[in-house]
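Asker: One letter stands for each residue in the lines below.
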Amino acid sequence: MFEQIAFYIFSVLTIGLFLVTVFSKNVLYAMTSLASGMVLIAGFFFLVGADFLGVVQLIVYVGAVMALYAFGMMFFNVTKDLKEKTTSNIWVMIVGVSVALLMTLMFGGVVNPEAIYASLPINSNMTNPQAVGMALFTKYLVPFEVAAIMLLIAMIGGIILAGKKMDTSLTNIEDEELQRKDVK
Amino acid sequence: MESLVYIALFAPLVSSLFAGLFAMTPKKQFVGVISSLLLFVSFAASAILAYHIASTNEVIHVKLMDWIVVGGLNIPFGFIADYVSVTMMVVVTLVSTVVHIYSIGYMDHDKSFNRFFSYLSAFVFSMLVLVMSDNFAGLFIGWEGVGVCSWLLIGFWYHKADVTRDINPSISPSWAANEAFIMNRIADLGMLVGLFIIYWNVGSLQYDIVFAQIPNLAPAVLTAAAAALFIGAMGKSAQFPLHTWLTDAMEGPTPVSALIHAATMVTAGVFLVIRANPIFSVTPEVSYIIAALGTFVAFFAASMALVNRDLKRIIAFSTLSQLGYMFAAAGLGAYWIALFHLAAHAFFKALLFLGAGNVMHGMHNELDIFKMGGLKKAMRGTYLYMGLASLALAGIFPLAGFYSKDAIIETAFNEGNLILFVILIITAGMTAFYSFRQVFLTFHGDERYHEFGIHPHEMYKYVLIAMSPLAILAVIAGWFKGWFNGFIIHMLPNYEMSEHTHHLALYITLIVSAFAIGGIILAYIKYNKGLVRSEKTEGSFVYKLLSNQYYIPVIYEAMISKPYAELSKLAWKADMKIVDALVDLIAKIIYAGGDKTRGMQSGNLSNYLNWMAVGAIALLVVAILSLFVA
Amino acid sequence: MIGLNHYLVLAGILFAIGLIGVLRRRNLLMLFFSTEIMLNAANVAFAAISNFYNDLSGQMFAFFVIAIAASEVAIGLGLLILVYKKENTLDLDDLASMKG
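Each protein sequence line maps, in turn, to chains E, W and Y.
First residue of the first sequence? That's 1 in the UniProt record's numbering, and the numbers climb one at a time after it.
First residue of the second sequence? That's 1 in the UniProt record's numbering, and the numbers climb one at a time after it.
First residue of the third sequence? That's 1 in the UniProt record's numbering, and the numbers climb one at a time after it.
Misleading hints may appear alongside valid ones.
Simulated crosslink set (BS3-like; lysine-lysine; CA at most 27 Å straight-line) [as the list claims (entries may be wrong)]: (1) Lys-376/W x Lys-481/W; (2) Lys-85/E x Lys-377/W; (3) Lys-529/W x Lys-28/W; (4) Lys-85/Y x Lys-25/E; (5) Lys-83/E x Lys-85/Y.
Part of the chain W face toward chain Y, derived, beta carbon under 7 Å [stated by the list, open to error]: (6) His-159; (7) Asn-494; (8) Gly-603; (9) Asn-604; (10) Leu-605; (11) Leu-609; (12) Ala-613.
Derived by calculation from the structure, the hints in this document are not laboratory data.
Using N, Cα and C, we set each Cβ at its ideal position, and we do this for glycine too.
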């Protein structure tokens, strides 16, 4: 009963928040609602018993990624509302909804559940973080290490890309470039 | 000895490639000299081989490399120097050497001098492959090789325009080259079918294996194979009804006519019959047809030569006629006599053609014998050579033609086939008549060329000297008949005259000689004094029939060429309307599709993303459908 | 009772929202946000399937998806900053320099 209530509340909230993210004109609103949606996603993870994943979701998404966006946004001019031509809505709705329908149909209707078997069964004697740890450091050790290296590379790449010309003032360059563009 | 085989075979190829290096450059004398030298090397190697084989009776068989090894099919590039092939090698290389030297003089003023030598040597190489191969596949390679070289050489002056004639609609070197090539293709199909039949039933194309298997084959198979092979021989040797190309091939340079269309290539058909004699000797029906057709062609061609006015065409008709003699002999089972006549004919016919070339050179490319006459003063050497060659051709004792032709006629008598016998004797008389008609009209009588403002001159000295080996051989070749018989029967079945024939041999010889001498005397009476043209004769039906070559070219034109051209036009239209249109339609659809979808390349990432989503939907649909199907 | 299909439908809806965002928006930053939504939708489906089929593999996949998403954000944001410095805009309509 509690699970049901939680699921529906979370679902409505997540869908609503993400809709705000997608349709909002203001980047700050969009980011805030996205962060809140991420928290609620973590809630779903807790609901399905993936405790560790939920915690990681909170730390990585809500903590790291959103902070990264927040910092990144300092470089952009986000106080104004975005002025963009958006693609016609009917089109987008048809495409998006049909993809959702197709995928749901595929997984919910066509794939035969009988044919699916657990390749890595959950051991009920262990807590979820324990089980995840066992899996990560045995069967998924190599992908795990590769992912670690990838994150390291991404970190270095991010620093180098974003850190270029960090010492020069961005606003000054902006003005100069704006003037140059006007001349053109 | 193996290396000699390779030297004999590849010296002409080296010569061809060497001359080919200079093909596009202006005339270089040394190209001709070096080519002739290499050909002489090839001749020397062939001669040594012949001597070796004659003295030790050892057949030399070499295998150069594997050519086709696929599943059960194994065809090597193997070459063999045995009694038959070495005879052919000596004849071919000897005539080729003389013709090469001759060409240095004859092609003197031609700007494609070097190219000519390249083609000529390539021809000799192909011919040697043809005669030396130890299997039917190699023979076929050479067969096609000489066909291509013949095409190249007939059409050597491809730039000459079409000339309208009264007999054919139009003729030019390239037209004649194509005619020769296409007619040979028709016959080659027959030859290929023969090879397939043999391979299908024997599983090999090696001569020795095939011939060893003959007793195990059904008569019907053998008859089919022999008939198909003979169709191939008919094309190459220009037998009726595929004969028209040979006279038209005279459009090529005269050395080419001498080498290819008299002495060597056209005898390839006879060579094939001789080479495959184990097959033909067990198929009497086919052999009889060969003999009958040969006799018919001998008479048929000789009759056309009687009235022709073109110097080279007369000799071409006589070549046809003599090829008929060879086929008659081969068809009657006297293979060695056929081969002997082939060799003897090669010598005197090449000499005759080269002499005609001298006349042509001296008369500034004039070929009409009605416009000549009295040339013996201006061209003594040529007169001597052509006279000798004509005597040999007519079969006058003791020249080469006497021995070989007489033997063929005796064979016909020996077989008890009186019809063939009589026709061949009459043909011998006709041969003598047309040969000397040509000699007298060209060299005797009044000097008609003055009217046309021509000043004839003799050929270069070295050319005349180079021709002397042929002249000597035209005289003495016949004397080696007995020796040749002993040499060749190691390989070919001997042909013995019966006791009865033996008794009558002298009378037969006398009859033949009487006909030959009678022909010469008739020609002398009619033409020695000069050209006497009578309206009545020339207007008669027979004369018209003969001078128009029995209207066969016209009939071919109307019955085959024209309908075929119409059919081709129809097919071309169908091709344009259906095949091409379909191909064009595909291209148009793609073009239109490209035009319409070019808008997608807007450079706007957002548009691309939208299209990507559409693509994802399409893929999902496919995935779901495939899941449903599974 | 909440079953697997509930979660799958939810994941589908979230994915559709993310996709609509990708299709609709022209601002690069918003595209990034939409991508995050799509990735999270997939993660929800993974976790749910993991739970209902009693298989840890789904959670493992979700982990790696998160790792990739984190790297993508790190590199992507760096690139966005470069683009913004160079072009002074993040609107795709203004960045159409690859017009063919």
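Asker: Now, for every hint given, state plainly whether the structure supports it.
Answerer: Status of each hint after checking the structure:
no.	hint	in the structure
1	Lys-376/W x Lys-481/W	33 Å, violated
2	Lys-85/E x Lys-377/W	106 Å, violated
3	Lys-529/W x Lys-28/W	44 Å, violated
4	Lys-85/Y x Lys-25/E	22 Å, holds
5	Lys-83/E x Lys-85/Y	19 Å, holds
6	His-159	51 Å, violated
7	Asn-494	85 Å, violated
8	Gly-603	3 Å, holds
9	Asn-604	4 Å, holds
10	Leu-605	5 Å, holds
11	Leu-609	6 Å, holds
12	Ala-613	6 Å, holds
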